[in-house]
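There are 2 protein chains.
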Amino acid sequence: MQFQISSELIEKIKLLIEQQSNEELLLHLEDVHHADIAEILTELSLEEATYIVKLLDSQKTAEALMELEVNVRERILDTLSSKEIAEELEEMDTDDAADIISELSLERQQTVIAELSDEEHADNIVELLRYDENSAGGLMAKELVKVNENWSVTGCMTEMRQQAENVTRVHSIYVVDDKNKLKGRLSLKDLLTAPSHANISDVYIPQVDYVNVHTDGEEVARIMQKYDLEAIPVVDEMGRLVGRVTIDDIVDFIREEAEKDYQMASGISESVEADDSIWRLTRARLPWLILGLFGGLGSVYIMQGFEEALSRFPVLFFFTPLIAAMAGNVGVQSSAIIVQGLANNNLRGSLFNRLMKELSLSLINGIALGLLIVIFGLVVGQDQAVSLAISISLLTVIIFAALVGTFVPIILDKQGVDPAIATGPFITTSNDICGIFLFFFISKMILGF
Amino acid sequence: MQFQISSELIEKIKLLIEQQSNEELLLHLEDVHHADIAEILTELSLEEATYIVKLLDSQKTAEALMELEVNVRERILDTLSSKEIAEELEEMDTDDAADIISELSLERQQTVIAELSDEEHADNIVELLRYDENSAGGLMAKELVKVNENWSVTGCMTEMRQQAENVTRVHSIYVVDDKNKLKGRLSLKDLLTAPSHANISDVYIPQVDYVNVHTDGEEVARIMQKYDLEAIPVVDEMGRLVGRVTIDDIVDFIREEAEKDYQMASGISESVEADDSIWRLTRARLPWLILGLFGGLGSVYIMQGFEEALSRFPVLFFFTPLIAAMAGNVGVQSSAIIVQGLANNNLRGSLFNRLMKELSLSLINGIALGLLIVIFGLVVGQDQAVSLAISISLLTVIIFAALVGTFVPIILDKQGVDPAIATGPFITTSNDICGIFLFFFISKMILGF
Numbered sequence: 001m002q003f004q005i006s007s008e009l010i011e012k013i014k015l016l017i018e019q020q021s022n023e024e025l026l027l028h029l030e031d032v033h034h035a036d037i038a039e040i041l042t043e044l045s046l047e048e049a050t051y052i053v054k055l056l057d058s059q060k061t062a063e064a065l066m067e068l069e070v071n072v073r074e075r076i077l078d079t080l081s082s083k084e085i086a087e088e089l090e091e092m093d094t095d096d097a098a099d100i101i102s103e104l105s106l107e108r109q110q111t112v113i114a115e116l117s118d119e120e121h122a123d124n125i126v127e128l129l130r131y132d133e134n135s136a137g138g139l140m141a142k143e144l145v146k147v148n149e150n151w152s153v154t155g156c157m158t159e160m161r162q163q164a165e166n167v168t169r170v171h172s173i174y175v176v177d178d179k180n181k182l183k184g185r186l187s188l189k190d191l192l193t194a195p196s197h198a199n200i201s202d203v204y205i206p207q208v209d210y211v212n213v214h215t216d217g218e219e220v221a222r223i224m225q226k227y228d229l230e231a232i233p234v235v236d237e238m239g240r241l242v243g244r245v246t247i248d249d250i251v252d253f254i255r256e257e258a259e260k261d262y263q264m265a266s267g268i269s270e271s272v273e274a275d276d277s278i279w280r281l282t283r284a285r286l287p288w289l290i291l292g293l294f295g296g297l298g299s300v301y302i303m304q305g306f307e308e309a310l311s312r313f314p315v316l317f318f319f320t321p322l323i324a325a326m327a328g329n330v331g332v333q334s335s336a337i338i339v340q341g342l343a344n345n346n347l348r349g350s351l352f353n354r355l356m357k358e359l360s361l362s363l364i365n366g367i368a369l370g371l372l373i374v375i376f377g378l379v380v381g382q383d384q385a386v387s388l389a390i391s392i393s394l395l396t397v398i399i400f401a402a403l404v405g406t407f408v409p410i411i412l413d414k415q416g417v418d419p420a421i422a423t424g425p426f427i428t429t430s431n432d433i434c435g436i437f438l439f440f441f442i443s444k445m446i447l448g449f
Numbered sequence: 001m002q003f004q005i006s007s008e009l010i011e012k013i014k015l016l017i018e019q020q021s022n023e024e025l026l027l028h029l030e031d032v033h034h035a036d037i038a039e040i041l042t043e044l045s046l047e048e049a050t051y052i053v054k055l056l057d058s059q060k061t062a063e064a065l066m067e068l069e070v071n072v073r074e075r076i077l078d079t080l081s082s083k084e085i086a087e088e089l090e091e092m093d094t095d096d097a098a099d100i101i102s103e104l105s106l107e108r109q110q111t112v113i114a115e116l117s118d119e120e121h122a123d124n125i126v127e128l129l130r131y132d133e134n135s136a137g138g139l140m141a142k143e144l145v146k147v148n149e150n151w152s153v154t155g156c157m158t159e160m161r162q163q164a165e166n167v168t169r170v171h172s173i174y175v176v177d178d179k180n181k182l183k184g185r186l187s188l189k190d191l192l193t194a195p196s197h198a199n200i201s202d203v204y205i206p207q208v209d210y211v212n213v214h215t216d217g218e219e220v221a222r223i224m225q226k227y228d229l230e231a232i233p234v235v236d237e238m239g240r241l242v243g244r245v246t247i248d249d250i251v252d253f254i255r256e257e258a259e260k261d262y263q264m265a266s267g268i269s270e271s272v273e274a275d276d277s278i279w280r281l282t283r284a285r286l287p288w289l290i291l292g293l294f295g296g297l298g299s300v301y302i303m304q305g306f307e308e309a310l311s312r313f314p315v316l317f318f319f320t321p322l323i324a325a326m327a328g329n330v331g332v333q334s335s336a337i338i339v340q341g342l343a344n345n346n347l348r349g350s351l352f353n354r355l356m357k358e359l360s361l362s363l364i365n366g367i368a369l370g371l372l373i374v375i376f377g378l379v380v381g382q383d384q385a386v387s388l389a390i391s392i393s394l395l396t397v398i399i400f401a402a403l404v405g406t407f408v409p410i411i412l413d414k415q416g417v418d419p420a421i422a423t424g425p426f427i428t429t430s431n432d433i434c435g436i437f438l439f440f441f442i443s444k445m446i447l448g449f
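Top line first, the protein sequences correspond to chains A and B.
The numbers in our numbering rise by one with no breaks, and the one at position 134 of the first sequence is 134.
The numbers in our numbering rise by one with no breaks, and the one at position 131 of the second sequence is 131.
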């Protein structure tokens with residue numbers, strides 16, 4: 001069905017590279033899709049991969065380079081000269097070329113840009129490098145098909161054919177005025193059925209969704225998803241058409257964002273992959289662990305304050321990991337739901353309603369879990385007053401944790417901070433400490449030690 | 001830039017509904033995109049929303065219904081008769097219609113299908129209902145443009161115009177043989193430039209990516225993303241063309257899957273939203289909390305076994321929440337990276353290499369955290385032997401947790417179980433218990449109590 005990379009194929013290619021059988025290599029790779037070439041490159045050693053990149057024509061390798069993972073691509077680009085990189089970039093769409101250049105060192109960027117022979121292409125790439133990579137400007141490509149509202153339908157057809165050659169998929173034809181301001185759009189169907197003497201201004205559709213170069217990537221994704229768009233035009237501060245974002249880039253963007261959120265929720269502070277270096281993985285993982293450690297030391301400190309309970313109610317100390325786990329779990333559950341609601345823009349109702357709902361929810365959960373603790377106490381023959389004290393303090397801890405989990409992301413969001421950070425070890429850690437303090441405080445009131 | 005729903009607009013619409021000013025309502029809503037109509041419906045009361053749905057023509061409301069959240073849609077559909085629902089379905093693409101029908105009760109499904117007047121449409125919907133909703137069959141629509149390889153280019157143009165009327169976006173023209181088997185594809189551009197006397201078989205492109213009706217949705221998404229496809233044809237067991245999946249549905253699918261994984265990692269067992277009922281939210285949240293509770297009770301049991309340490313080394317018990325938190329955090333970090341590697345299909349290298357890497361990584365993290373504990377001990381004047389015992393047992397716990405976090409998802413995946421489940425409270429809970437046991441066991445060996 002699809003092309004499958006077998007270990008036989010990889011072995012064959014490795015052998016052909018060793019024998020320098022270039023013609024046979026070309027024959028093997030001729031009909032292979034660039035995304036599959038990328039997978040093959042990943043399986044080869046750096047020398048072998050570089051050999052293939054230099055052998056194949058740059059149109060194919062340019063697209064394959066785009067599909068590679070960043071770390072593999074970096075290593076291959078390091079072995080290429082600035083001129084060789086420039087040749088690859090010439091074949092790429094402007095957005096891809098800009099993405100790749102931005103991965104190079106500042107010094108290397110300049111030498112590569114100087115080697116670009118197509119001046120317009122170079123200009124476009126330099127323009128794209130100016131935008132934040134998570135904005136519409138950073139996501140857009142300069143390649144698009146546009147026509148002037150004052151053109152005739154026939155003149156337009158000729159001009160369009162020429163423009164379309166540089167554009168992989170046309171999607172929509174955009175209509176601009178003499179100042180390049182976006183006026184509307186035109187479907188290919190409309191153009192084909194329009195009388196040939198008509199002007200574009202007679203036949204175009206003036207409604208068109210668009211975004212600004214500074215629009216946040218998340219917002220672009222939301223609009224394109226909401227309106228099922230496959231491309232959206234991007235305008236500058238003056239309303240001039242400067243590029244367009246296509247759905248394939250948005251699909252990649254959505255995946256990356258989802259992975260980032262997932263990693264943040266798992267306590268990993270920067271985007272990493274299983275194959276990254278140990279140093280990079282440590283840098284991503286250790287910070288949250290240290291935060292967690294300080295949280296744990298906080299708990300140690302609190303428990304030392306309740307040391308007098310140790311002789312009479314040692315079991316309270318046995319319950320502390322349970323209390324901390326419950327406080328953490330409930331907090332993460334509550335905040336995950338709020339963070340998703342904020343991301344999907346579907347958090348409705350007043351803060352008071354949300355408070356009431358979270359209160360009832362945590363009451364139900366807390367009573368259910370408290371009952372289980374009382375039953376456990378009966379089974380193991382634990383002092384019933386102690387069981388009751390633990391149950392009631394657990395209930396309090398759960399209510400507290402749920403409220404923190406609900407309101408911290410809402411407050412962060414209002415402050416303009418990404419609320420997703422709240423579902424990470426941050427909320428777990430603070431809930432752990434507060435939970436343990438609350439637990440001992442309430443137990444002390446009930447048991448009177 | 002975009003249409004913005006203001007509270008004034010909502011108030012205005014509510015007033016017009018009250019006054020039953022149908023004409024003015026229609027005037028207000030005429031140019032509003034169906035996705036925005038959906039947002040307006042969500043802001044209205046059930047009676048008001050139903051009023052609007054019945055007032056607008058079904059072409060517009062059908063698309064708006066599709067954009068609604070499930071729970072809002074369910075409530076509105078409950079107020080409509082089977083005939084009214086059937087009228088909405090007539091206007092929808094087959095995949096949307098099938099999705100909506102599948103949300104109805106089995107009994108209601110039959111009465112609605114019986115009310116469908118277009119028999120072919122009804123047949124198509126019934127066919128789609130047979131497939132698993134997460135398979136290519138469940139994601140595809142029957143609407144597509146196809147031509148027979150034996151047709152002439154001119155004959156084909158006429159036939160195609162007719163087919164294209166029912167298809168929102170053409171993307172690709174698929175080529176089939178007399179038995180409806182998928183042979184290849186054709187671009188509109190190829191068709192326009194082909195000599196009119198040529199046969200389709202002379203001009204079509206025989207390479208075409210496709211999937212089977214039973215292909216998993218994740219795999220469809222992966223293929224479409226890898227090859228930047230905007231639509232992919234779907235064939236049945238006999239290779240016959242039965243439908244196609246378009247990128248807008250895949251974008252929704254990717255988002256939903258990402259949300260599910262995120263919720264699973266946050267200990268929420270079924271897909272919920274902040275606005276769901278308290279009962280539904282409890283059902284999604286309580287199971288994992290109960291699992292965590294049993295885990296906590298396991299820790300209580302373990303600590304009772306080490307009770308003899310209580311008098312001499314009470315501080316060990318103060319450190320248990322810290323140990324449990326570290327074991328949980330490290331486990332979740334390790335498993336999140338593996339789960340993403342598995343999902344992205346980029347986990348390379350042997351198991352032994354992975355083992356070595358995870359060992360070195362957890363050694364580095366564990367030593368760093370252990371040192372901090374020794375420093376903390378010096379600062380608060382803790383017995384140095386105790387500090388050392390805690391550090392060394394923490395190191396052991398971290399190595400253990402990292403290995404569990406790494407290998408549990410790999411084993412689950414090999415067994416055909418979704419590895420994402422491993423990042424949830426499941427791994428946290430088991431790591432908590434094992435971590436606390438290891439902690440006391442090692443401490444006992446070092447301190448000798």
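Because the hints were derived from the structure by calculation, they are not lab data.
These numbers were taken from a predicted model, which means no experiment stands behind them.
Please note that a few of the clues may not be correct.
The list treats identical chains as interchangeable, and a pair is accepted whether it falls inside one copy or across any two copies.
Simulated pairs of lysine-lysine, DSSO-like, Cα-Cα distance not exceeding 30 Å [claimed, not checked]:
| hint | residue 1 | residue 2 |
| --- | --- | --- |
| 1 | K181 | K260 |
| 2 | K444 | K414 |
| 3 | K357 | K14 |
| 4 | K260 | K414 |
| 5 | K181 | K414 |
| 6 | K226 | K260 |
| 7 | K146 | K226 |
| 8 | K14 | K183 |
| 9 | K83 | K14 |
| 10 | K54 | K14 |
| 11 | K60 | K226 |
| 12 | K54 | K181 |
| 13 | K226 | K83 |
| 14 | K414 | K60 |
| 15 | K54 | K414 |
| 16 | K183 | K444 |
| 17 | K226 | K14 |
Hints versus structure:
1. K181 <-> K260: neither (36 Å within a copy, 42 Å between copies)
2. K444 <-> K414: neither (37 Å within a copy, 49 Å between copies)
3. K357 <-> K14: between (62 Å within a copy, 27 Å between copies)
4. K260 <-> K414: both (21 Å within a copy, 25 Å between copies)
5. K181 <-> K414: Classified as neither; 34 Å inside a copy, 56 Å across copies.
6. K226 <-> K260: Both, since 22 Å and 20 Å are each at most 30 Å.
7. K146 <-> K226: both (24 Å within a copy, 28 Å between copies)
8. K14 <-> K183: neither (54 Å within a copy, 33 Å between copies)
9. K83 <-> K14: within (26 Å within a copy, 65 Å between copies)
10. K54 <-> K14: Answer is within; shortest intra-copy Cα gap is 15 Å, inter-copy 66 Å.
11. K60 <-> K226: between (34 Å within a copy, 15 Å between copies)
12. K54 <-> K181: neither (42 Å within a copy, 40 Å between copies)
13. K226 <-> K83: Classified as between; 28 Å across copies, 43 Å inside a copy.
14. K414 <-> K60: neither (47 Å within a copy, 35 Å between copies)
15. K54 <-> K414: Intra 51 Å, inter 38 Å, cutoff 30 Å: neither.
16. K183 <-> K444: Neither. Shortest intra-copy (71 Å) and inter-copy (77 Å) distances fail the 30 Å Cα cut-off.
17. K226 <-> K14: Classified as between; 24 Å across copies, 47 Å inside a copy.
Of the numbered hints stated above, those contradicted by the structure are hints 1, 2, 5, 8, 12, 14, 15, 16, listed in ascending order.
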